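Asks: Sequence:
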Amino acid sequence: MQVTDKVVVVTGGANGIGKAMCEAFHRERAAKVVVVDLDHAAAEKLATSINGAAFKCDVGQEKNIIHVIEETERQFGPIALFCSNAGIGGGFDPMSVNAGGSSDEPWQRSWAIHVMAHVYAARHLIPRMKARGGGYFLNTISAAGLLSQVGSPAYSTTKHAAVGFAENLAISHRADNIKVSILCPQGVDTNMLRSIPKGPQSGDGDLSPEQVAQDVLRGLEAETFVILPHPQVLGYMRKKTENYDRWIAGMAKIQAKMRESYGK
1 MQVTDKVVVV
11 TGGANGIGKA
21 MCEAFHRERA
31 AKVVVVDLDH
41 AAAEKLATSI
51 NGAAFKCDVG
61 QEKNIIHVIE
71 ETERQFGPIA
81 LFCSNAGIGG
91 GFDPMSVNAG
101 GSSDEPWQRS
111 WAIHVMAHVY
121 AARHLIPRMK
131 ARGGGYFLNT
141 ISAAGLLSQV
151 GSPAYSTTKH
161 AAVGFAENLA
171 ISHRADNIKV
181 SILCPQGVDT
191 NMLRSIPKGP
201 QSGDGDLSPE
211 QVAQDVLRGL
221 EAETFVILPH
231 PQVLGYMRKK
241 TENYDRWIAG
251 MAKIQAKMRE
261 SYGK
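The sequence shown runs 1 to 264 under the UniProt record's numbering.
Keep in mind the hints are simulated off the structure, nothing from the lab.
Quick caveat: nothing in here was measured; it's all calculated off a predicted structure.
Hints may be right or wrong, so weigh each one.
DSS-like, lysine-lysine: derived pairs with alpha carbons at most 27 Å apart [stated by the list, open to error]:
hint, residue 1, residue 2
1, 45, 56
2, 253, 240
3, 130, 63
4, 240, 257
5, 63, 45
6, 257, 239
7, 253, 239
Required output: the full structure, derived from the provided sequences and hints.
Replies: So, in structure tokens, the structure goes:
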């Protein structure tokens, strides 16, 4: 897919990876880049700089997603690419003594933002895309959805669920010419990454949001389902599936080392 002359929506678009994607789509001469974010002031500032548009939106609320879709298409035309990029850290605590011990609130919030936001976008855009012959979804997920995230059960679990939904979305609507890509980086130099201690994946290098945005452009052009800015992730996935028990044991050792380091 080429974004030139296309209407593109990016949730979580005011900062980090989302901001870099918005700027990259603008450079590729998208017809209109719609910046969607809870931080409306930052979204408007970015939209002004790229001749885009901005909407304030809590992506965990279906009515907000509906509003973004309806108003974007009313004002600017059909959405060709919807980037469901918004995410939250989900609480990082390698010292936790119970993986299921957190209250419902962080689980429900992670579920709403990391899973249901993707569902809401698909629920209300697929009928429109089918009627006009196709479209594209880019869902930012994380390598945690393919592997895991030590110290953050809610984040890891909901990111796994997001991969499962994206797979089903791609399978169910391939015949409708609706394409799907998932973006699964490891460390990216964003506020979210800076808020947690460095994990073992930091040895693979933290990428800039701009580097990730370039990988997105290449992945969209090739219409690749899994976009891996850190190519090492593919090797880790293979090791995981080759011997799941060995992989679990290795991850448990990492957990123990992080607990020791974090507790000092």
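Asks: Next step is simple, just say for each hint if it's right about the structure.
Replies: Each hint, compared with the structure:
At most 27 Å may separate the alpha-carbon atoms for a hinted pair to count; residue 45 and residue 56 meet this at roughly 12 Å. This hinted pair checks out: residue 253 and residue 240 have alpha carbons roughly 15 Å apart, not beyond 27 Å. The suggested pairing of residue 130 with residue 63 holds, with an alpha-carbon distance near 21 Å, which does not exceed 27 Å. Straight-line distance between C-alpha atoms of residue 240 and residue 257 comes to about 20 Å, which keeps the hinted pair within the 27 Å bound.
In summary, the hint linking residue 63 to residue 45 is supported, as the alpha carbons are separated by about 24 Å, within the 27 Å threshold. With a C-alpha separation of about 20 Å, the suggested pairing of residue 257 with residue 239 holds against the 27 Å cut-off. About 16 Å separates the Cα atoms of residue 253 and residue 239, which keeps this hinted pair within 27 Å; it holds.
Figure legend: structure checked against the earlier numbered hints; every hint is met.
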